[in-house]
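Asks: Sequence:
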Amino acid sequence: MSTETFAAGGFRFIPGMFQYSGGVAAELGFRIERVRFRRPVPLTQGFRRIEAIIGDADRPMTSFCACELRSPEPFSEAGFKAFNEHYVGTLADWRVYDPQTKINPVARSNVCPEINKPAEPSFHAFCFTIPASDAAPSFVISGSGEAPEGRGSYGKFVVRPGDTSPDGMRDKARAVLGEMDRRMGVLGFSWREATATQVYTVHPLHSFLADEIVRRGAAEHGISWHFCRPPVVGLDYEMDCRHVGTERVID
0 MSTETFAAGG FRFIPGMFQY SGGVAAELGF RIERVRFRRP VPLTQGFRRI EAIIGDADRP
60 MTSFCACELR SPEPFSEAGF KAFNEHYVGT LADWRVYDPQ TKINPVARSN VCPEINKPAE
120 PSFHAFCFTI PASDAAPSFV ISGSGEAPEG RGSYGKFVVR PGDTSPDGMR DKARAVLGEM
180 DRRMGVLGFS WREATATQVY TVHPLHSFLA DEIVRRGAAE HGISWHFCRP PVVGLDYEMD
240 CRHVGTERVI D
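For the sequence shown, the residue numbers in numbering that gives the first Met the number 0 are 0 to 250.
Some hints could be false.
[Claimed, not checked] Computed beta-carbon distance windows for the label pairs:
no.: 1; residue 1: D250; residue 2: S1; range: 36 to 42 angstroms
no.: 2; residue 1: P14; residue 2: G177; range: 17 to 23 angstroms
no.: 3; residue 1: D55; residue 2: P147; range: 38 to 44 angstroms
no.: 4; residue 1: P59; residue 2: T163; range: 39 to 45 angstroms
no.: 5; residue 1: A7; residue 2: P203; range: 39 to 45 angstroms
no.: 6; residue 1: D250; residue 2: K155; range: 38 to 44 angstroms
no.: 7; residue 1: T245; residue 2: G187; range: 18 to 24 angstroms
no.: 8; residue 1: S132; residue 2: P160; range: 47 to 53 angstroms
no.: 9; residue 1: A6; residue 2: S75; range: 32 to 38 angstroms
no.: 10; residue 1: A209; residue 2: A7; range: 42 to 48 angstroms
no.: 11; residue 1: P203; residue 2: Q99; range: 41 to 47 angstroms
Hints are computed from structural coordinates only; laboratory data are not their basis.
Bear in mind that the values here come from a model prediction, so they are computed numbers and not experimental data.
Glycine included, each C-beta is placed from N, C-alpha and C at the ideal position.
Hey, can you work out the whole structure from these sequences and the hints?
Replies: Set out below in structure tokens:
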């Protein structure tokens, strides 16, 4: 893996699939700012609000570099593909996604709350770049479940499919943590720099929390456990992480 620079946005990214990249890092002279909505905002309305917020910051829409979505239920693989094709349409309008090359620099997670589900796919948070001459390095790693991406069907590659026993979940977590390690390494970072780690699962973490997560250094600032399922049927465990110095919550 290597990175590419999205100069129009002030960040570099790990090339991935058409729906999202593996992660992003601010270029020299920029920092990443994260904005979280207090409650999920439906996709179409969310895109409009994001346009307004980024516009008020006097930044181009190409500065949109990451987002976190919430969906009502895990998708089938066909349903996930259809959703993603709809989602990237607005990114193409913003000149972030290139429909010709199918290169999408934006990092993303998309998970499904088990309780208090949104009525439709919605925005939970998003990130964009801001010019800052003295900014510390910042990055956002995309969410990943326990199956490698870009190999066709997720179902053929799921780690311990259907096994949510303590040993099964440990192996799933190891695979996902390894992918987080790999993506951060490509961008030039490690858990030492991460300021936030998020876990998404409805299954217990306690049997492997200390040995696999804490001892690895992935919980230096604690972890945020979201009682959510990954976005595709058959996946049970997902994580993402970031180093973002400026974060705010809005209504």
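Asks: Each hint needs a verdict: does it hold in this structure or not?
Replies: Against the structure, the hints come out as follows:
no.: 1; hint: D250 with S1: 36 to 42 angstroms; verdict: holds (40 angstroms)
no.: 2; hint: P14 with G177: 17 to 23 angstroms; verdict: holds (19 angstroms)
no.: 3; hint: D55 with P147: 38 to 44 angstroms; verdict: holds (39 angstroms)
no.: 4; hint: P59 with T163: 39 to 45 angstroms; verdict: holds (44 angstroms)
no.: 5; hint: A7 with P203: 39 to 45 angstroms; verdict: holds (44 angstroms)
no.: 6; hint: D250 with K155: 38 to 44 angstroms; verdict: holds (43 angstroms)
no.: 7; hint: T245 with G187: 18 to 24 angstroms; verdict: holds (20 angstroms)
no.: 8; hint: S132 with P160: 47 to 53 angstroms; verdict: holds (49 angstroms)
no.: 9; hint: A6 with S75: 32 to 38 angstroms; verdict: holds (37 angstroms)
no.: 10; hint: A209 with A7: 42 to 48 angstroms; verdict: holds (43 angstroms)
no.: 11; hint: P203 with Q99: 41 to 47 angstroms; verdict: holds (45 angstroms)
The earlier numbered hints are all upheld by this structure, with none contradicted.
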